[in-house]
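Required output: the full structure, derived from the provided sequences and hints.
Quick mapping for you: the protein sequence lines, in order, are chains A and B.
The first sequence runs 1 to 527 under this note's numbering.
The second sequence runs 1 to 207 under this note's numbering.
It is worth saying that the hints were derived from the structure and are not from the lab.
Heads up, a few of these hints could be off.
One side only, chain A facing chain B, incomplete, derived with CB under 7 angstroms [unchecked claim]: (1) A159; (2) V168; (3) A183; (4) W410.
The structure presented is a predicted model; accordingly, all values stated were derived computationally and were not measured.
For each residue, glycine too, the CB sits at the ideal point set by N, CA and C.
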Amino acid sequence: MTDLLPTLVPLPVLLPLIGAGLALVLSKHSRAQNIVSILILSAVMIISLIMLFGVDADGPQVVAIGGWQPPAGIVLVADRLSSLMLVVSSLVTLCVLIYALSQDANDDSNETPISVFNPSYLVLCAGVANAFLAGDLFNLYVGFEMFLVASYVLLTLGATAERIRAGVTYVVISLVSSIIFLAAIGVIYAATGTVNIAQLSERLSELPPDVQMILHVLLLIGFGIKAAIFPLSFWLPDSYPTAPAPVTAVFAGLLTKVGIYAIIRTETLLFAESSLRVPLLIAAALTMVVGILGAIAQSEIKRIVSFTLVSHIGYMLFGVALGTTVGLSAAIYYTVHHIIVQTALFLAIGMVEMRGGSTSTRSLGGLMVLSPALSVIFFIPALNLSGIPPFSGFIGKVALFAAGFSGQDWLVTVLIVAGTVTSLLTLYVIGRTFNLAFWRDPADAEEPNEELVAEFAERKKAKLAGKPWTSQIGVPGSMFAATTVVVVASIVLTVFAGPLWDLADRAAENLQSPVSYATKVLGGDGS
Amino acid sequence: MTMPFIMVLAMGFLFACGIYLMLERSLTRVLLGFILLGNGVNLLIILTAGRGAPPLTDGENLSTLGMADPLPQALILTAIVITFAVTAFLLAMIYRSWRLVRADSLQDDTADLQVAITKMIDSEAEASTDYDDTEFGDEAESPITGAIDLDDDGTPRERDEDAERHDREDREAGDTDDNPVDDADDGATSANSSGTGSQGTEPEEKK
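Below, the structure written as structure tokens:
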């Protein structure tokens, strides 16, 4: 087991890249391409699970790529946090892939050319894994660029006018964030002479406080754009909703969380001593409140959920900004919860779009009657997102608030109030959406969808006559199954909240001791 | 480590021009701004290496005395490649944007506008989303008029009339293009015609 682990560490990056190459070669044979992609991502998921258990038992694994020892060489570091994130991301990417492939197989419009979809999707997975495993800042940048470039392609699939418009915003904003990150790396190297995170954690604290502050702010702005933190979040609801449903699902679930992951690393390992606690807490509060107020104004379900995504990033930032172990564990738990729930929600919305012809609450209606299973699939993650008690969203929020209360600070109290208000407003937004799209008679909609109205009337007639009724428009079973798996995973987060919380707690403890991280990476001989 | 002042000045200049250009609405200027910014950052990284001899040894004397730091040079290579690839992608996207909307500027988000002014601007929104959904660009806009095939409910004759009517309308729309009042109407008809266009091409794709 101990010998096996270091071999496994690079595989979550390597396998999807090899898979992307294979998928490109097989682009003429879409069936073989799909099988390769699914097999690769399943393998990555199994490897990540083994890594999580191994790392939890044996401690962080450090692999020096190409035999070049740190600090000069590139290292991959798998500690508890990164392997936990890997497990969640591989689960989500696998389910979304299955969903996307079955949607594509059933989609007549064929707006996503599959030969491009699979390779870029696999590159995206590799990039995300690389960002999670990166042991030096520049490798983190390369990981970011890998998944960003793949995401540019995925967001503009089919190159319709609407997607190109959204894509331009997304690409330009992402480029700016990458440039800022790269500039930060350059300045950090100039100041310390290294880009290795472990070595930086030792050297950065020796710098004068004002230099530290500049570097800290530069990095946070770069990551903040990616994570969609309030003043830097306006691009997100503008660009995500136009992409195909599975693409939006994986973007919303994963990409912003990679930004959060990078912020967690920055705050704990790099700048444990120069604290930006107050600005971060204020940013967190504003992210929550402004995000959810944006959601209230919207009438497109995709846009509503994109705004709630922005708003809930605030919770994670809140946990990170607290800077305590409990706060960090709550942030980690919340991140895991949010990846899964947000993905499930977007997948369900994709099926709503397929079933009801649009995602506008102005024309949808009656889906509860027409497609009861779909409404359950939408309802569970929706309630979970707004933090209704049995679900993991509630546990995460309670943990965050508990972490905040232990601090005894008026600013934190303001944040807890903001968090509660945001949670209630999320419930309001979600409730209204559910009401409009699922409960009401489709004929009552502002712009009634004729097909839905006719179907609804037919269904009513059949019910009155006591005849069985089956819908003509079905959602493919495999899409449904993939979404169900993600929804079940979100429920599992509730059922196994105890062990998961303990794991998050241990990960947070790791993060709180950058010295042990540094000795592990620099002192270890890579085996 | 000493940095030549002129290089630092050049870097600052690149950053300033790059950011200024990126604030423009014109996509070509955004692209130029990005290229300048990218070069500014590359210059920043290479400056951290300091001045010195090339980091090469003759194999016998392994002293690193007086050498420039090789690591930033390795970093900058990666950064240049990434910037290059992304520039190519941006160019392709700007070209596509030009093909689609005939404007070298960032378009407004229609869904956003709808929320902002609450009034529905249906015709425009439909025109912008339905407009050219295919890979074939302008070809898909003109329906195949000569094809003999049956509609869902009608006869081939009905379709021919339909196509003729559209042609006529298109011509008229072309004449009155500069009239802003007709613009909404114009968009709606062009959406219609592209709709029939994709119907018309369907049988051909199936062959």
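Legend entry - Violated hints, by number in ascending order, as checked against the structure: 4
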